[in-house]
Amino acid sequence: MYSLKVEDVGKRFGERKVFSKINFELFTGDSIAIVGSNGSGKSTLLKVILALLTPSKGVVQYIEDQTVLSDDIFRSYISFVSPYLNLYDHLTAEENLIFFSTVAGFHVTGKEINALLEKVGLEGRGMDYVMGYSSGMKQRLKYAVALLKKPEFLFLDEPTSNLDDDGKKIVFDIVEEYRSSSIILIATNEKEEYDLAKDIVRLT
Amino acid sequence: MPKTSSGLLSRSLAVYFKDLRMELRTKNALNAILMFGVTTLTVVSFSLGQSGLSPKLLSALFWIIMFFSAMSGLAQTFIREEETGTSLILNLTAEPNSIYIGKLLFNLTLLITMTSIITPMFFIFTDAPTENILPFVVILTLGVFGLVSATTLVAAIISKASVKGALFAVVSFPILMVLLMVLVGATEKILDNNSLSSVSSEIQFLIAYVVVMTTISLLLFKFVWRE
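Chains U and R, in that order, are what the protein sequence lines are.
According to this note's numbering, the residues represented by the first sequence are 1 to 204, in order.
According to this note's numbering, the residues represented by the second sequence are 1001 to 1227, in order.
In case anyone wonders, no lab produced these hints; they're calculated from the structure.
Virtual Cβ for every residue (Gly too), placed ideally from N, Cα, C.
Any given hint could be a false lead.
[To be verified] Once the Cα atoms are required to be at most 25 Å apart in a straight line, the calculated DSS-like pairs of lysine-lysine come out as:
no.	chain 1	residue 1	chain 2	residue 2
1	U	K169	U	K150
2	U	K169	U	K198
3	U	K138	U	K119
4	U	K191	U	K168
5	U	K191	U	K149
6	R	K1222	U	K138
7	R	K1160	U	K5
8	U	K191	U	K169
9	R	K1222	U	K57
10	U	K57	R	K1160
11	U	K168	U	K198
12	U	K17	R	K1160
13	U	K5	U	K21
14	U	K17	U	K5
15	R	K1222	U	K149
[Stated by the list, open to error] One side of the interface only, derived from the structure: several residues of chain U facing chain R at Cβ under 10 Å:
no.	residue
16	Q61
17	V201
18	T204
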C-alpha cells in the first residue's frame, strides 16, 4: 500500500505567493484532480509534489507501508505526462522507450515495446524519429513512456492536451486501468478530465 | 524496494550512448569544437608561420586552443537537455550519478575526438618538435581528463542559467586556471626535450586534480541537477 502525503505545502516565487496551505493524503486507489484558473499554480503544485521544485513551506512525503521513501526511490515509482515534458526528437520512438527503461534501471523487451506502442495507437511507428511526430503523437508516446514502469503514482498535467478523440479515449482507458492500483493526480481545467478523478482540490 | 534491476554502469552507459547517438545525428557539439579548434590553429599558424617558436610559446598556444575549443562544445550536452525541454523527464527518470557519469564519458569522447584531430594538425602547422611524443601524449591525456572532469559539473550549473555561452568560460576559468598553468609548464618541458621523469610532480598534480574534481562533481551533481 502506497500513500502520498501533502502537508501544509506552499510556494512563493519571490514576493508572489502562488498557493499556500495545501493539505491532502492519498492512498493507492485514490485519484484527485487539481483544478483552478490559469495561473493559479496547478502545474507548480504538481512540480512541487514531483520534487522538481522545492516548496517554500510544508512537506511532501511518498510512503510505502508506513516507510517514507527517499528521493531516489520514490522516483522509480512515479510517472508524469505533461505537454511541457519533451522526449528526444532525434531518437526514434523505440529508442526513446529503450533509453527511458534502461536509465530507470530495468529491461524492456521488443514485445513489450510493441504492446505499449499499440496501446497508445502508435503501432508501426516505432522506428520513426520523434521529430517527425505530430504533437498528438508525441503526447501518445509520452503515455507509452509513462507506462513503461507500471507506476504506483501517476501524475497527469492537462492529460488530453493535443489529443484527438481516439487519443482522449486512450487516456481515459489508461486512467481506468490504473485507478485501483495507483494514486492518480490530474491537473486540469477540462471538466471531462477532472471527472476522471474521485476528488477535487481547487486552487484559487 | 525500488523497481530497479540494472546497475549504475548500465544506466550511465545508456545516457552516454543516447548522447553519442544524438551527437552523431546532429553533430552540434563536435562541429562547434572542431570549427573553433581548426580556425584558431589555422590563424595562429598563418600569422606566426613555421618560424621555430620557442617551447614556451608553443605550449601556451596549444593549451589556449585546447581550452577555447573545449569551452565551445563541452557545455552542449547539458544545454541541449535544457533547451529541448528533455531535462525534466531525464530528471524524473534517471539517477543523478548515472547522468553525471554518462555526460562525463560523452564529454571525454568529444574531447578525445577533438584532440586526435587538433594535435597532429598543431604539430604540422607549427613545426613543433616531435622527438618527445610519448611523454607529450601522457601530459595531453591527463590534460584532457582534467578539462573534462572540471567542466562537466560547470556545464550542468550554467545550463540552468539564461546566458549560457559566455558564462561557461567565465565560471570554468578560475577552476581551470591552475590546471592550465601546470599543463603549459609540463608541455613546455616536454617540448624542450626533457624526459617524462622531469615532469613527475606535474603528473602527480594532474592525477590528483582529476580524482578530486571527479569526486567533488559526483558529490555535488545531485544538488546542481535537481535544483
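Tested hints:
1. U:K169 x U:K150: holds, 19 Å
2. U:K169 x U:K198: Given that 25 Å is the threshold and the Cα spacing comes to 18 Å, the pair holds.
3. U:K138 x U:K119: Status holds; Cα separation ~14 Å.
4. U:K191 x U:K168: holds, 13 Å
5. U:K191 x U:K149: violated, 28 Å
6. R:K1222 x U:K138: Violated - the C-alpha atoms of K138 (chain U) and K1222 (chain R) are around 29 Å apart, more than 25 Å.
7. R:K1160 x U:K5: Answer violated: K1160 (chain R) to K5 (chain U) is near 29 Å, above 25 Å.
8. U:K191 x U:K169: holds, 15 Å
9. R:K1222 x U:K57: holds, 22 Å
10. U:K57 x R:K1160: holds, 23 Å
11. U:K168 x U:K198: holds, 18 Å
12. U:K17 x R:K1160: holds, 23 Å
13. U:K5 x U:K21: Since the Cα atoms of K5 (chain U) and K21 (chain U) sit roughly 13 Å apart, the hinted pair holds (cutoff 25 Å).
14. U:K17 x U:K5: holds, 21 Å
15. R:K1222 x U:K149: holds, 23 Å
16. Q61: Status violated, d = 16 Å.
17. V201: violated, 22 Å
18. T204: violated, 27 Å
The structure shown violates the earlier hints numbered 5, 6, 7, 16, 17, 18.
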